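Asker: What follows is the residue order along each chain.
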Amino acid sequence: MATVVTKGLKKFYGDVHALDDVSLDIEEGTLLAVIGPSGSGKTTLLRSIAGFVKLDAGKIYLDGEDITHVPPEKRNISMFFQNYALWPHMTVYNNIAYGLRLRKYNKNEIAEKIRWVLQLLDIEGLEDRKPSQLSGGQQQRIALARAIVVEPKVLLLDEPLSNLDAKIRLRIRFEIKALQQKLRLTTLYVTHDQEEALSIADKVAIMHNGKILQIGDPQEIYTKPATLFVADFVGTNNVIEKKGYVRDGVKFVNLGKLVLQAPPNVDVNKVNIVFRADEVEIERRNEEIPGYDYRFDGTISGKLYMGFKFRYEVTVDDENKDIKVIVNSDKDFSIGDKIGVFLKKDKVFIF
Amino acid sequence: MGTYENKNNLFGFLLILPALAVLGVLYIYPLIRAIYISFLWKGQLGLENYTKAFALYRKDIVYTLGITAATVIIVFAVSMVIASYLRFKNWKFLDYMYRLPLFIPFLIVGHAMRVFLAQHGVMNMIISRLTGIHRLPGLASQWLGLTLAFAWVLSPFAILIILGAFKAIDDSYVEAALNLGSNKFKVIIDVLIPLARPSIMVALVLTFVRTISSLTIPLMVGPSKPTMLPVDMMFRVNYYNDWGVANALGVISYVIVIGLSMYYLRFMVTERGGLKH
Chain A
3 MATVVTKGLK
13 KFYGDVHALD
23 DVSLDIEEGT
33 LLAVIGPSGS
43 GKTTLLRSIA
53 GFVKLDAGKI
63 YLDGEDITHV
73 PPEKRNISMF
83 FQNYALWPHM
93 TVYNNIAYGL
103 RLRKYNKNEI
113 AEKIRWVLQL
123 LDIEGLEDRK
133 PSQLSGGQQQ
143 RIALARAIVV
153 EPKVLLLDEP
163 LSNLDAKIRL
173 RIRFEIKALQ
183 QKLRLTTLYV
193 THDQEEALSI
203 ADKVAIMHNG
213 KILQIGDPQE
223 IYTKPATLFV
233 ADFVGTNNVI
243 EKKGYVRDGV
253 KFVNLGKLVL
263 QAPPNVDVNK
273 VNIVFRADEV
283 EIERRNEEIP
293 GYDYRFDGTI
303 SGKLYMGFKF
313 RYEVTVDDEN
323 KDIKVIVNSD
333 KDFSIGDKIG
343 VFLKKDKVFI
353 F
Chain B
325 MGTYENKNNL
335 FGFLLILPAL
345 AVLGVLYIYP
355 LIRAIYISFL
365 WKGQLGLENY
375 TKAFALYRKD
385 IVYTLGITAA
395 TVIIVFAVSM
405 VIASYLRFKN
415 WKFLDYMYRL
425 PLFIPFLIVG
435 HAMRVFLAQH
445 GVMNMIISRL
455 TGIHRLPGLA
465 SQWLGLTLAF
475 AWVLSPFAIL
485 IILGAFKAID
495 DSYVEAALNL
505 GSNKFKVIID
515 VLIPLARPSI
525 MVALVLTFVR
535 TISSLTIPLM
545 VGPSKPTMLP
555 VDMMFRVNYY
565 NDWGVANALG
575 VISYVIVIGL
585 SMYYLRFMVT
595 ERGGLKH
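Top to bottom, those sequences are chains A and B. The opening residue of the first sequence carries number 3 in the numbering used here; numbering runs sequentially from there. The opening residue of the second sequence carries number 325 in the numbering used here; numbering runs sequentially from there.
Bound-form chain B, shown alone (with noise of 0.2 Å):
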């Protein structure tokens, strides 16, 4: 018995071991090195490359956290609403104009919003027409451009996962309360958002995580300074060979991340404790 069970143990193992082996060489192994080369200063260990990462870009991570959350907020409002609407009403083209983003390279979504939110772009060009302001300031090289950028690209990805789960929550439960007088609204705040919590939990977590770590759209788009910490990472290791301060910076994120993780994690197993379908 005792060895069918172990043979069993090892196959389970063998099964596992191939993703865990590329989890290893891909992931943990960077990590821990990147750890290792943050806290080495000429040879040395030492906190040294913080100093330098904090005294350098203390601006750029506050930057870096308020465009982050501005994005998730911009994110969570748009999908809530278009999710929301596509749950009670079957409009086609709504459909698939919000997931066009999802098949644009970030590549090209940076240099489509930098042509977009110029001084004399396509959005300026209408809001003149339809106004007839004129002087208008270009938002590419703006935080309120990286934002918008932002929240288009990562839109469609909380769409997607909100909506798949509006949809999946049973129609008795919609009905019930529209039944016993419950406006369309209502409905949303009281049954599909508590009900769907775990899902929009998913997608905010993602949409932040996309975000801080996005290193191609606030290249292209928004101001050169502040700037993002992907970029000054970038920056660090291109123009100054400087991979202490670079990693320094990447485990800022990494903490920063980190922190937004361990709160997902106790909301999900206070979520699963306390509501058992």
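If we strip away everything but chain A, and leave its shape as in the complex, we get (with noise of 0.2 Å):
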């Protein structure tokens, strides 16, 4: 296993930059998850590392070499692709032998490694088939196992999981996390689905515009987001865009009744306060919840029945009377309710 650091990557396809300074270490034996929006650059930077990306700068270094300009097939650094690029009129078999092929292992040896990772990803019986007749969680172990039989230094994944149904995309996620610390595979996990990197990744660092705006472990992430796009990108949150004020040399904005000190960087003419809609509480509006530290009043607009928990869309008593947020709660109110809603003051993020 090996060590990947880039530095300074850069990647335009004309006015667009896919990648913009993009510098990031996956220590050895680790799981980065990158995740962003369609378009934020993080399948160009996984496959850059792949050798498929000509920079326009910038350098790639595996385990302290230099490999920016080492074309894909000299690198050993397996990608499982999103679509699992199978070759239909190859046996299972085939798809899995090709890399040991090439690398010259002889019969035996090729027939033991396959032995070992169809019964590693619990897939043996099917080494006889064409990949037209494997279910779509076939497929993807075949996939997997193509790439990790080589043993690679590193290995990319490129959302493994988005052709998979809910309930089997949930049961992989556990096995790739096991299959991943047990091989101590290196591995650069690619995703826009970013419950899935923070259940997964040892770091996550998330993107947008080609650029890197946090790198860090994935309770710093959803705790201490440092930008506006990163608190809204993760989790599913309200984001509230208010003029601020100054007084006495101090910035604060208001939410209703609620006052809020604002950090001294922020712009008071556009603040935004973030909160999640799962870390509030909700309760009727003459009544207190203890232990929360910040509280303003609304009225239940809009209500959501989600199974396990209710979602319901508050209208704030605001002098902004448009203002709206999403709140998730296990209580049960109707539409027209007046409520109060609590937060916890290391649960409301303000840029």
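None of these hints come from the bench; they were simulated from the model. In this text the structure is predicted, and so the values were computed from the model without any measurement. There is no bait here: all hints are sound.
Quick partial rundown of chain A residues pointing at chain B, CB under 10 Å, derived from the structure:
hint, residue
1, R49
2, G53
3, P74
4, Y86
5, L88
6, P90
7, N97
8, G101
9, L102
10, A149
11, V152
Glycine included, C-beta positions come from ideal geometry on N, C-alpha and C.
Mind docking these for me? Both chains are given alone in their own frames, and the hints should help you get the complex.
Answerer: Here it is in structure tokens:
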């Protein structure tokens, strides 16, 4: 296993900055998840490390060796493709054996390694089938088997779960994590699903417009978002943009009757208050909930039953009548009910 | 319900009727008539035309098959190299140049190749300048010249089909092979050719059929004896008014093409049965 370091990667497609000064480290044996919306540059980053993108600037190091100009076939970095890319004219056995044959293993060694990987991924008995005769989940495992059987220095996973249905996705998350830890694979995992990234990664990087906005462990990313974009992207969030004000040199912003102190670096003309729908509590207007730091009032203006919780749309009692927030709660209210929304200090972010 | 289906079937039949009529008048009827005439000898049915055709043109049949096979092999090699190159590299000049012969009529190709391949033609002139060798044979009246003329004019069709098939193959299949350590040559052999096999077969069958049925080019390029079957057929009709032997030669060509078509159809059935996308 190896360490990957990228320094100042740049890739432009005309005016679009697919990668804009991207620097990161993936430590040996760890899983770094890169998340971001479509077009943020995460797949370009992954393809650059694989060697499929000709960079405009920057360097990529593998175990200290500069591999920026090394062709993909000589990097020993395995990539898992989003569409699996299993060759339809080959059997499962030949798909998996392909990389091993190129590495000049003899027949017995190939058979042995394939037996090992099929057992590891619990897909024995499929050797003679063609990819078209397999389910989506089986194809996903075969593609993973093909990628890891060659014992790559780095494993690149491009949205590995995106083609699977929700139930299988949840189960395979655990399996990928367990597999990565068992084999101590240095892994770069690209996904647009932030929950998937937070649950599986040792470290998470958030990308937007070709830039890495924040890298940290999942808890850090979740609890201490560095920018408005990160705060908004991670979790189901409410972002309320308001005009703030300065009193005695200190910046403030109001939400209804709630007065929040803003950090010194915010622009008072455009203050964003961010909090997550799951990290608030609601109660009837005349009641209080102990242990919460902030409270603002509002009226239930929409209600959805989510199965495990209710999702409410709350119109905030503010001078701006258009402010609506989303809150999740297991308490049952009706549309029109007057409520109080309770928040904890460390769960409210102001940018 | 039954009436509705019958009406639907009738409507479908009416839609394909014009195409069927054209096929019947321009293909099936002349074919049946040609087969019939090929067996007609002095008003009687018999094998005399075939006996005569084999006696007079056995060498030409072998020559035709040889030229056609050589053309198919050269076209296959050229189209593989150019299609593979253009699959990986975007070279606009080559992309335009390989299509050029598509827009040149066979008659002009024949004439151009005669000039190009003649003993004192352009090709020998260039070789002489480059190597200093002055006594070079003219290929214009040799089988090699004819094969080169066919290859030049038919390669673009094959490249167009094969390159289209190569480009339709998702990049991820190519990248997956590169990623596992394959070089581009191996990618062509292991991924592109197997996945584009049906299109490659179509290109080669078309090349075979167009070569074996070509009249203009063998009339202008290549030796006068032996020559290709369509030229023999033309001479049999124009000089001897011998429709019987001409049709017998036509049926022999047709049987060769049918044999190839059967092989192609069997290949396609196996391919479709084995590969379900």
